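Protein chains in written order, with our numbering: chain G, 1 to 378; chain V, 1 to 204.
Calculated directly from the structure, the hints in this document are not laboratory data. Note that the structure is a prediction, hence the values are computed from the model and not measured. Hints may contain errors.
To be verified - The calculated label-pair distances, taken between Cβ atoms and stated as ranges, are: (1) V:L150 <-> G:F24: 56 to 62 Å; (2) V:G92 <-> G:K99: 41 to 47 Å; (3) G:L87 <-> V:A102: 55 to 61 Å; (4) G:P339 <-> V:L155: 51 to 57 Å; (5) V:L110 <-> G:L347: 43 to 49 Å; (6) V:L145 <-> G:L363: 18 to 24 Å; (7) G:D12 <-> V:C11: 26 to 32 Å.
What the hints assert, rightly or not - One-sided excerpt, in silico: chain G residues whose CB lies under 8 Å from chain V: (8) V114; (9) I142; (10) L165.
Think of the CB as a built atom: it goes at the ideal place given N, C-alpha and C, for glycine as much as any other residue.
Here is what each chain is made of, one letter per residue.
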Amino acid sequence: MQTFAVVTPGLDLQSSFLDLLDGFGVSQGLAHLLWLPLPMLTVLVSAVVGVLVNVWLERKISAAVQQRIGPEYAGALGILQPMADGLKLLFKEDIIPAKADGLLFTLGPVLVLVPVILSWLVVPFGQNLLISNVGVGVFLWIALSSIQPIGLLMSGYSSNNKYSLLGGLRAAAQSISYEIPLALSVLAIVMMSNSLSTVDIVNQQAGAGIFSWNIWRQPVGFVIFWICVLAECERLPFDLPEAEEELVAGYQTEYAGMKFALFYLGSYINLVLSALLVSVLYLGGWGFPIPVEWLAGLLGQSVDAPLVQVITGSLGIVMTVLKAYLLVFFAILLRWTVPRVRIDQLLDLGWKFLLPVALVNLLVTAALKLAFPGAFGG
Amino acid sequence: MTIASTTELICFLVLSVTLVAGSLGVVLLPNIVYSAFLLGGVFLSVAGLYLLLNASFVAAAQVLVYVGAVNVLILFAIMLVNKKETMAAIPGLLLRRVLSGAVCAGLFALLLRASFTTDWALPGPTPVGEEATIRIGEHLFSDYLLPFELASVLLLMAMIGAIVLARRDVFSSDVITGEPVDQGLIEKARTPLLLEKPALEKTS
Chain G
1 MQTFAVVTPG LDLQSSFLDL LDGFGVSQGL AHLLWLPLPM LTVLVSAVVG VLVNVWLERK
61 ISAAVQQRIG PEYAGALGIL QPMADGLKLL FKEDIIPAKA DGLLFTLGPV LVLVPVILSW
121 LVVPFGQNLL ISNVGVGVFL WIALSSIQPI GLLMSGYSSN NKYSLLGGLR AAAQSISYEI
181 PLALSVLAIV MMSNSLSTVD IVNQQAGAGI FSWNIWRQPV GFVIFWICVL AECERLPFDL
241 PEAEEELVAG YQTEYAGMKF ALFYLGSYIN LVLSALLVSV LYLGGWGFPI PVEWLAGLLG
301 QSVDAPLVQV ITGSLGIVMT VLKAYLLVFF AILLRWTVPR VRIDQLLDLG WKFLLPVALV
361 NLLVTAALKL AFPGAFGG
Chain V
1 MTIASTTELI CFLVLSVTLV AGSLGVVLLP NIVYSAFLLG GVFLSVAGLY LLLNASFVAA
61 AQVLVYVGAV NVLILFAIML VNKKETMAAI PGLLLRRVLS GAVCAGLFAL LLRASFTTDW
121 ALPGPTPVGE EATIRIGEHL FSDYLLPFEL ASVLLLMAMI GAIVLARRDV FSSDVITGEP
181 VDQGLIEKAR TPLLLEKPAL EKTS
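Go ahead and model the full structure; you've got the sequences and the hints to work with.
Below is the structure:
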């Protein structure tokens with residue numbers, strides 16, 4: 001079924017780790033059990049570090065946009081500022097309003113954060129550098145991201161505050177409306193690569209370096225996906241759920257301390273995750289703009305040599321992160337330059353523009369796939 | 001017993017307990033918002049059971065459709081019309097509860113009997129795993145094509161019905177009562193807020 005025999009196995013840390021433990025005489029089941037938490041912890045830590053980087057970038061870029069300097073005293077160029085922010089939130093008093101529903105109030109932020117972190121399961125940084133290459137890949141991400149509105153509704157409702165409730169309802173409405181064009185644009189990609197798995201999607205873009213990336217074959221899909229992702233992350237052109245001038249802070253109004261920090265973390269992790277997925281789906285994932293195999297051949301090295309594997313593996317991680325942070329940069333720039341849309345404009349854009357365009361894009365992709373099976377993945 | 005099967009057993013037990021407790025809560029809790037949130041939990045644990053059965057596509061579809069769409073819509077509806085009003089006392093409430101409890105118990109007994117007398121094929125067919133997505137697609141476009149299309153027509157009918165009910169202004173008289181439509185409901189032609197008002201005043 002799969003036709004990716006040409007793809008080199010690349011760096012496989014899991015099998016190396018299992019072989020190593022096997023050498024010490026540890027049973028296979030136990031070795032597997034010891035391996036399991038390692039990638040999870042790595043991803044959790046890198047997600048949180050990604051948020052810190054993100055917060056710093058947001059502060060610095062917004063300052064640059066507004067011709068300020070931004071944080072500069074906490075560490076060199078203010079890079080410790082996000083740490084200070086995090087510590088402040090950690091030590092703040094955790095308040096549950098007297099008339100709020102304590103249980104739902106606590107559960108809401110958790111339900112917002114957990115699906116976002118779970119979605120990192122399918123983000124690949126290399127051929128074998130992901131937690132689990134599940135077959136349903138991107139579909140799992142779409143499904144998990146649809147749990148989030150429940151958490152938002154829950155925190156909006158339980159705060160017992162009209163701004164919170166309105167913010168929660170808006171968040172859910174926005175997230176439902178933009179999920180459909182999002183899924184349709186992903187579907188066009190899936191149709192071209194014959195697989196839902198993120199690894200297969202990246203491999204399908206690996207042939208000719210930068211020229212085989214999906215962005216050239218799916219320019220419309222790329223724009224739709226990017227808009228929808230920004231809407232799902234509630235970034236500024238679409239940050240109606242927490243529109244400061246209308247709703248104080250939307251569903252976060254009553255939150256303080258660590259519970260607020262969970263929302264904060266969730267939104268930034270979601271931003272990084274979305275940027276990573278854009279780079280996986282449209283920008284060739286861990287692929288270098290020039291095919292690594294070709295470069296290795298030019299230098300007279302075998303792709304399977306251990307040193308080359310380590311270099312290509314690290315290059316893959318660097319490329320993925322680089323592409324993702326380039327997109328994050330654009331998202332931040334957009335946030336500080338573009339005004340907010342109104343709720344009716346938001347829903348109009350989602351239902352009357354993006355949805356039909358996404359449907360047409362899907363149809364055209366299907367037609368092109370039938371007409372040119374070579375270029376559009378037959 | 002290997003580590004894998006122990007984990008599977010623990011997961012199954014936890015999921016089953018949350019499933020049963022959650023569904024009891026959905027039915028029995030007096031606060032409808034709690035019921036709706038618990039319903040989401042029930043759907044999630046059903047998805048977990050699908051995962052245990054190696055049906056990851058069905059599990060993801062379950063989360064997307066039931067948790068992400070159905071449950072969110074239910075919550076939406078509840079929160080939009082969440083009026084705090086005291087219900088009028090229903091006569092013979094206790095008798096009603098006993099009767100419905102008896103009906104449910106009867107159904108439960110029937111199901112129990114069916115599940116004990118059925119000759120389950122154990123072990124079941126080998127799970128297809130990742131191939132399942134392809135298999136489901138093949139079935140949907142061959143032997144299950146008619147039910148699939150009928151379901152989509154049904155959904156379309158429901159959608160049009162909802163639009164008709166929600167926008168009575170498209171008819172000159174009300175669908176249900178036959179009275180002329182309340183003109184206040186009809187959407188006004190949009191005039192941009194600031195720009196055109198002086199222009200309008202000049203003409204009038």
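Kindly indicate which numbered hints from before are broken by the structure, ordering the numbers from low to high.
-> Violated hints (numbers, rising): 2, 4, 8; every other hint is consistent with the structure.
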